[in-house]
Amino acid sequence: MSNLLASAAVPAFKCPKGTKMHILDLGMLEADESWILRGANTSKLSNLNPTNKRRELVLLSALIEHPDVGLILYDAGCAEDLNVAWPAPLTDVFPRIQYSEAQRLPNAIKATGNDIKDVKAVIISHLHLDHAGGLEHFVGTDVPIYVHEEEFKHACWAIATQADHGVYQGHYMHLEKLKWETFTESELELFQGITLLHAPGHAPGLCMMQVNLDSDGTFIWTTDQFHVSDNYELGHPHGGLARDHNAWYRSLNMTRRLQRLYNARLIYGHDKPTTLKLLGEKKYFE
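Note that the working numbering gives residue 116 to position 116 of the sequence shown, counting from 1, and the numbers run on in steps of one.
Note that these hints are calculated values from the structure, not bench results. Because the structure is a prediction, the values reported are computed rather than measured. Some hints here could point you the wrong way.
As the list claims (entries may be wrong) - Here are the simulated BS3-like cross-link-like pairs (lysine-lysine), alpha carbons at most 30 Å apart as the crow flies: (1) Lys-277 - Lys-44; (2) Lys-272 - Lys-282; (3) Lys-14 - Lys-272; (4) Lys-179 - Lys-120; (5) Lys-277 - Lys-53; (6) Lys-53 - Lys-117; (7) Lys-20 - Lys-120; (8) Lys-153 - Lys-117; (9) Lys-44 - Lys-282; (10) Lys-20 - Lys-117; (11) Lys-20 - Lys-283; (12) Lys-179 - Lys-110; (13) Lys-53 - Lys-177; (14) Lys-53 - Lys-110; (15) Lys-177 - Lys-282; (16) Lys-20 - Lys-277; (17) Lys-277 - Lys-120; (18) Lys-179 - Lys-282; (19) Lys-283 - Lys-17; (20) Lys-110 - Lys-282; (21) Lys-53 - Lys-272; (22) Lys-153 - Lys-283; (23) Lys-153 - Lys-282; (24) Lys-117 - Lys-44; (25) Lys-177 - Lys-14; (26) Lys-120 - Lys-53; (27) Lys-44 - Lys-177.
To be verified - Computed Cβ-Cβ distance ranges for the label pairs, DEER-style: (28) Lys-153 - Lys-277: 23 to 31 Å; (29) Asp-81 - Asp-115: 20 to 28 Å; (30) Pro-87 - Gly-280: 31 to 39 Å; (31) Glu-181 - Asn-41: 36 to 44 Å; (32) Leu-175 - Glu-56: 18 to 26 Å; (33) Arg-243 - Thr-141: 18 to 26 Å; (34) Glu-56 - Pro-87: 48 to 56 Å; (35) Pro-144 - Asn-263: 30 to 38 Å; (36) Asn-52 - Arg-260: 16 to 24 Å; (37) Lys-277 - Asn-52: 22 to 30 Å; (38) Asn-47 - Pro-95: 21 to 29 Å; (39) Lys-120 - Lys-282: 22 to 30 Å; (40) Arg-256 - Glu-56: 36 to 44 Å.
Glycine included, each C-beta is placed from N, C-alpha and C at the ideal position.
All chains should be built: construct the whole structure from the sequences, respecting the hints.
Right, dumping it as structure tokens:
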């Protein structure tokens, strides 16, 4: 039934024919698994000194060639020079272990046959430093930066008060040098076939992106609502990166309903196996 519903979707809610969706590989971080999964690496009476498991976390962005809009970028990755942009504790806790010339945002876009200077719109899922740091490439331009109003206000407050210092950093929050565009809707069809879904939990204004492609079907970019597949498939909550658990659980249920309804494929925020599988399938989806 879900296949029939997805294929029978109203044409206006599908991307126009000719839309291409690229998955950009922007490098890799590494972190203790306890940040990603609640209870991971916890000692027990029977094992007081467990081996600490670590996770390799891919950094992703979506580049969509939309016939009506032009180039749309979803998330921008980290700042290029982490050693300058990030405080020393962060580079130790979340070291970037892979970052080649090909994984720089301008070069990753160039590899698709496009140019970063031609990007017409940027959507930021949430304003954490590993998703919004790449906004440095759009400083001083007239490219609109779309972000949920709750996220924008929270990021400004978190940075100014240092109440959530670490995941939010000031080096990319240029209030007057970026063209900010905020919205308040819980579900916003920003462009034909591209819907932003407010999914608070990990961040108050986090927005997933649903892309209804003409040939390859529906994809949901979950960003960090689910860092890795375990968060979604097992319903395993975040560890140290959790914020509002009740909101996160409601967002989990919403995503499961949408996945069933559209027979959607999920692209998680940092899941290495899922990303490698998708990158190995084809150069782009359409």
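Hint check results:
1. Lys-277 - Lys-44: violated, 35 Å
2. Lys-272 - Lys-282: holds, 16 Å
3. Lys-14 - Lys-272: Answer holds: Lys-14 to Lys-272 is near 28 Å, not above 30 Å.
4. Lys-179 - Lys-120: Given pair Lys-179, Lys-120 holds - Cα atoms ~12 Å apart, limit 30 Å.
5. Lys-277 - Lys-53: holds, 23 Å
6. Lys-53 - Lys-117: violated, 40 Å
7. Lys-20 - Lys-120: Measuring from Cα to Cα gives roughly 15 Å; hence the hint holds.
8. Lys-153 - Lys-117: holds, 28 Å
9. Lys-44 - Lys-282: violated, 44 Å
10. Lys-20 - Lys-117: holds, 18 Å
11. Lys-20 - Lys-283: The given pair, whose Cα atoms are some 10 Å apart, holds under the 30 Å limit.
12. Lys-179 - Lys-110: holds, 23 Å
13. Lys-53 - Lys-177: Status violated; Cα separation ~41 Å.
14. Lys-53 - Lys-110: Judged against 30 Å, a Cα distance of about 35 Å means the pair is violated.
15. Lys-177 - Lys-282: violated, 37 Å
16. Lys-20 - Lys-277: Roughly 18 Å separates the two Cα atoms, so the pair holds.
17. Lys-277 - Lys-120: holds, 29 Å
18. Lys-179 - Lys-282: violated, 33 Å
19. Lys-283 - Lys-17: Holds, at about 17 Å.
20. Lys-110 - Lys-282: holds, 17 Å
21. Lys-53 - Lys-272: Given that 30 Å is the threshold and the Cα spacing comes to 15 Å, the pair holds.
22. Lys-153 - Lys-283: Violated: Lys-153 and Lys-283 sit about 37 Å apart, past 30 Å.
23. Lys-153 - Lys-282: With Cα atoms ~38 Å apart, Lys-153 and Lys-282 exceed 30 Å; violated.
24. Lys-117 - Lys-44: violated, 53 Å
25. Lys-177 - Lys-14: violated, 33 Å
26. Lys-120 - Lys-53: Violated, at roughly 41 Å.
27. Lys-44 - Lys-177: Measuring from Cα to Cα gives roughly 50 Å; hence the hint is violated.
28. Lys-153 - Lys-277: 23 to 31 Å: The hint (23 to 31 Å, Cβ to Cβ) is violated, given that Lys-153 and Lys-277 are roughly 37 Å apart.
29. Asp-81 - Asp-115: 20 to 28 Å: holds, 22 Å
30. Pro-87 - Gly-280: 31 to 39 Å: This hint holds: roughly 36 Å between Cβ atoms.
31. Glu-181 - Asn-41: 36 to 44 Å: holds, 40 Å
32. Leu-175 - Glu-56: 18 to 26 Å: Given about 34 Å between the Cβ atoms, the range is violated.
33. Arg-243 - Thr-141: 18 to 26 Å: violated, 31 Å
34. Glu-56 - Pro-87: 48 to 56 Å: At roughly 22 Å between Cβ atoms, Pro-87 and Glu-56 fall outside 48 to 56 Å, so the hint is violated.
35. Pro-144 - Asn-263: 30 to 38 Å: Because 31 Å falls inside the window, the suggested range holds.
36. Asn-52 - Arg-260: 16 to 24 Å: At 36 Å between Cβs, range violated.
37. Lys-277 - Asn-52: 22 to 30 Å: For Lys-277 and Asn-52 the Cβ distance comes to about 27 Å; the hint holds.
38. Asn-47 - Pro-95: 21 to 29 Å: Given a distance of about 27 Å, which is inside 21 to 29 Å, the answer is holds.
39. Lys-120 - Lys-282: 22 to 30 Å: holds, 24 Å
40. Arg-256 - Glu-56: 36 to 44 Å: violated, 26 Å
When each numbered hint is compared with the structure, violations occur for hints 1, 6, 9, 13, 14, 15, 18, 22, 23, 24, 25, 26, 27, 28, 32, 33, 34, 36, 40.
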